[in-house]
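With these hints in hand, go ahead and build the complete structure from the sequences.
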Amino acid sequence: MRPLLTVEDLRITFPTRQGPSEVVRGVSFTLGRERLGIVGESGSGKSQTGRAILGLTPPPGRATAKVLDFDGIDLRTASAATWRRLRGARMSMVMQDPKFSLNPVMTIGKQLLEALKFGAGETRAEARARALAMLEAVQIRDPERVFRAYPHELSGGMGQRAMIAMMLVTEPDLLIADEPTSALDVTVQVEVLRILDRLVRERGMGLIFISHDLRLVSSFCDRVLVMYAGRVVEELKAADLGKAQHPYTRGLMNCLPKIEGGVRPLPTLERDAAWAR
Amino acid sequence: MSDATTDGGRESALLRLLWKAAKLLATVALTFLGLLVVTFLIGRVVPVDPVLAVIGDRAPKSVYDRVFVELGLDRPLYEQFWIYLHKVFTGDFGESFLTKRPIIDDIARVFPATLELATVAILIGTVLGIPMGVWAAVRQGRLADQVVRVLGLVGYSAPIFWLGLLGLLVFYARLNWVAGPGRIDIAYEYAITPKTGLLLLDSAMQGQWDAFRNVFAHIILPAALLGYFSMAYISRMTRSFMLNELAQEYVTTARVKGVPEWRIIWVHALRNAAVPLVTVVALSYANLLEGSVLTETVFAWPGLGQYITNSLQNADMNAVLGGTLLIGAIFVGLNLLSDLLYTLLDPRVRKQA
Numbered sequence: 001m002r003p004l005l006t007v008e009d010l011r012i013t014f015p016t017r018q019g020p021s022e023v024v025r026g027v028s029f030t031l032g033r034e035r036l037g038i039v040g041e042s043g044s045g046k047s048q049t050g051r052a053i054l055g056l057t058p059p060p061g062r063a064t065a066k067v068l069d070f071d072g073i074d075l076r077t078a079s080a081a082t083w084r085r086l087r088g089a090r091m092s093m094v095m096q097d098p099k100f101s102l103n104p105v106m107t108i109g110k111q112l113l114e115a116l117k118f119g120a121g122e123t124r125a126e127a128r129a130r131a132l133a134m135l136e137a138v139q140i141r142d143p144e145r146v147f148r149a150y151p152h153e154l155s156g157g158m159g160q161r162a163m164i165a166m167m168l169v170t171e172p173d174l175l176i177a178d179e180p181t182s183a184l185d186v187t188v189q190v191e192v193l194r195i196l197d198r199l200v201r202e203r204g205m206g207l208i209f210i211s212h213d214l215r216l217v218s219s220f221c222d223r224v225l226v227m228y229a230g231r232v233v234e235e236l237k238a239a240d241l242g243k244a245q246h247p248y249t250r251g252l253m254n255c256l257p258k259i260e261g262g263v264r265p266l267p268t269l270e271r272d273a274a275w276a277r
Numbered sequence: 001m002s003d004a005t006t007d008g009g010r011e012s013a014l015l016r017l018l019w020k021a022a023k024l025l026a027t028v029a030l031t032f033l034g035l036l037v038v039t040f041l042i043g044r045v046v047p048v049d050p051v052l053a054v055i056g057d058r059a060p061k062s063v064y065d066r067v068f069v070e071l072g073l074d075r076p077l078y079e080q081f082w083i084y085l086h087k088v089f090t091g092d093f094g095e096s097f098l099t100k101r102p103i104i105d106d107i108a109r110v111f112p113a114t115l116e117l118a119t120v121a122i123l124i125g126t127v128l129g130i131p132m133g134v135w136a137a138v139r140q141g142r143l144a145d146q147v148v149r150v151l152g153l154v155g156y157s158a159p160i161f162w163l164g165l166l167g168l169l170v171f172y173a174r175l176n177w178v179a180g181p182g183r184i185d186i187a188y189e190y191a192i193t194p195k196t197g198l199l200l201l202d203s204a205m206q207g208q209w210d211a212f213r214n215v216f217a218h219i220i221l222p223a224a225l226l227g228y229f230s231m232a233y234i235s236r237m238t239r240s241f242m243l244n245e246l247a248q249e250y251v252t253t254a255r256v257k258g259v260p261e262w263r264i265i266w267v268h269a270l271r272n273a274a275v276p277l278v279t280v281v282a283l284s285y286a287n288l289l290e291g292s293v294l295t296e297t298v299f300a301w302p303g304l305g306q307y308i309t310n311s312l313q314n315a316d317m318n319a320v321l322g323g324t325l326l327i328g329a330i331f332v333g334l335n336l337l338s339d340l341l342y343t344l345l346d347p348r349v350r351k352q353a
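Going down the list, the protein sequences come from chains A and B.
Take the first sequence: its position 250, counting from 1, is numbered 250 in the numbering used here, and each next residue is one higher.
Take the second sequence: its position 36, counting from 1, is numbered 36 in the numbering used here, and each next residue is one higher.
Just so you know, these hints were derived from the structure itself, not from any lab.
Note that the Cβ used here is the ideal one computed from N, Cα and C, for glycine as well.
Among the hints, erroneous ones may be present.
[Claimed, not checked] On the chain B side, residues computed to face chain A include the following (Cβ under 8 Å): (1) Lys20; (2) Glu249; (3) Thr252; (4) Val259; (5) His268; (6) Asn272.
Structure follows, in C-alpha cells:
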C-alpha cells in the first residue's frame, strides 16, 4: 500500500544576521493511516516539520525537500489553489493553545462553518447540522450554546475541543496535532486526548502527534520519532521505547521521575555535541 | 425551560446594557464638569481683565467698579462658577467683544464650515488610509509597502500650508480643476437657504445641483489635503495593527482550514485590527474638528480654527473659552462614540459591561 505521506530530506532554513540557519536538517519519514509521534525539546524542529507539511512555514523561512508527497500530490510544487483544496478538506492541524488559535471576534459556530464552507460544498442547514454533530462528537454537552459562543466564553478544555471539532469536521485524511494538550490543565488533558484518540481511530486517519512529552507520545502513538537539533536521531515502535539506543532518548527516559522514587539527585541530561552533528 | 433561561438571559443582557449606558453617561458628565472647571479657571487666570475688555481702557474708575460688580467679579469664586455653569447650560457663553454677537451664534456660524471640511477629510483619509495600510502590511518589505510608507512620511512631514499653496497653484491657478479659496462662489451664495450650515447637505437637500457642484469644487482641495494628513496617520497605524494581527495564531488556524487569503486578510485580521483602529480614526477626526488654522487661512475657510485664533489674538476671552469648551465637548463625544463602537466590535469588551 502506498503511504499517505512521504517526507524525504526535509530542510527548513531561516535567514538570520549570521547567515541562513537550518532548523530542520534532513528529516525523512513515511506515514500510513497510523499514529506517528514526534518528540523533542523546544527548538528541535518538530513544530516546523509539522507546519512545513501543510505548506505553512512562516516567512521568511523556506522549506525544501527531495520528496514531499501527500497521496500522490507533490506538495513542493503545489499551487495556491491546490493548497486551498488540500488544507482543511484533506489535511489539517490542531494547534497548541485555543486562547490564541481561535479568532477572538468570531463565534465558534462561524469558525466551524468556515472550515466546511471552504472544504466541501453543501447547503447552510446541512453544514450547520454537521457542525453541531461534530461538537457533540467532541463531547460538548450543549453544542448549541458553544456554537453561538465566542472563544473567550469557553474554558481551555472546551476551546480545544472546539478546535478539534473544527479540524475534524471535514474528515481529513491527515491530522497534525501540534502539542494539542500542552496548554491545558492536566486533568483536562487526558479527556481531550481520549476524544482525539477515539475520533482518529474511528475515522482511520493518519495522525502526526507532536509533543515534548515522551511518555504521553508513547502511550498514544504506534511509532515515535525522536528529534534533536533539527534531525531525527531515533525511530522506535512505541512499545519498544525501553530499547532506545540513542543516548539522548535514553537520557530523556532516565529523567522521568518514578513513583518508587528515591533517585536523588534527579539525573540531568548530559549533552554531547556529537548529537547535533 | 430553555425558553425561560433565554428570556432571563435577554433581560439581564438588557439590564447590563442599561447599566453600562448609565456608567458611561456618569463618566461623560464628570469629564464635562472637569472641562468646565478648566475653562472657567483659564478665564480667571489669564492676564486679560474682563472688565477692561468691556469698557475699554479709558473709562473712569466709577464705570470700572460698576461693571466689575455687574459681571459678578466681586463674588466668591464658587459662586462665579455656579453662575458660569448656569449660563453654559442655558447656552449663554457671553458676548464676543470682537463681533458684538453672542458667542453661541458665532460658533453656529463657523463650526459647520469646520464640521463639513473635517467630515469630508476624514472620509477621504479613512477610505484611502485603511486599505493602503492593509496592503502595506500584506506586502511587508516589498515595493507597495515602501510606497505607502513614503507617502505617509511625506504626509507627516510636509507643512500643510505649503502643500495647500502648491495645490492652489497647480489645481486652481494652472489646471483650473478645482475652485479657489472660500466655501462657495458669491454667485451661488444666496441660491441656498442655510439650514444645517453644511453647504453640501443644504444644496443637495434643496436640489440646487449647480450650487452643490460649486461647493464640492471648493471643498475638495482642502479636504483632500487634510484627508491626506489623516491618511498618513491612519495607514501607518493600520499597517502596524495588521502586521500584529497577521502574526497571530488564529490566522494560521484559518490558513489550516483552507480559508482563502483575501478572507483571512479582510475578514479575520482586519476585523480584529478594527478595534484599535476605531480610536485612531476617532482621534484623527477630533483633531480635524478642532479646525486647522493653517489650512483655513490658506483656503480662506471661515472655520473654527480661524475664529479661535482670531479671538485669541484680540484677547476675546469669551469667544476663546466658548470655542475651547466646544472642542473639549467634541473630544468627550468622540471618545464616548469610540467606546460604544468598541463594545460593538469586540465581544470581550461587551462581556465586561
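Problem set entry | Hints breached by this structure | Number 1 - this is the single hint that the structure violates.
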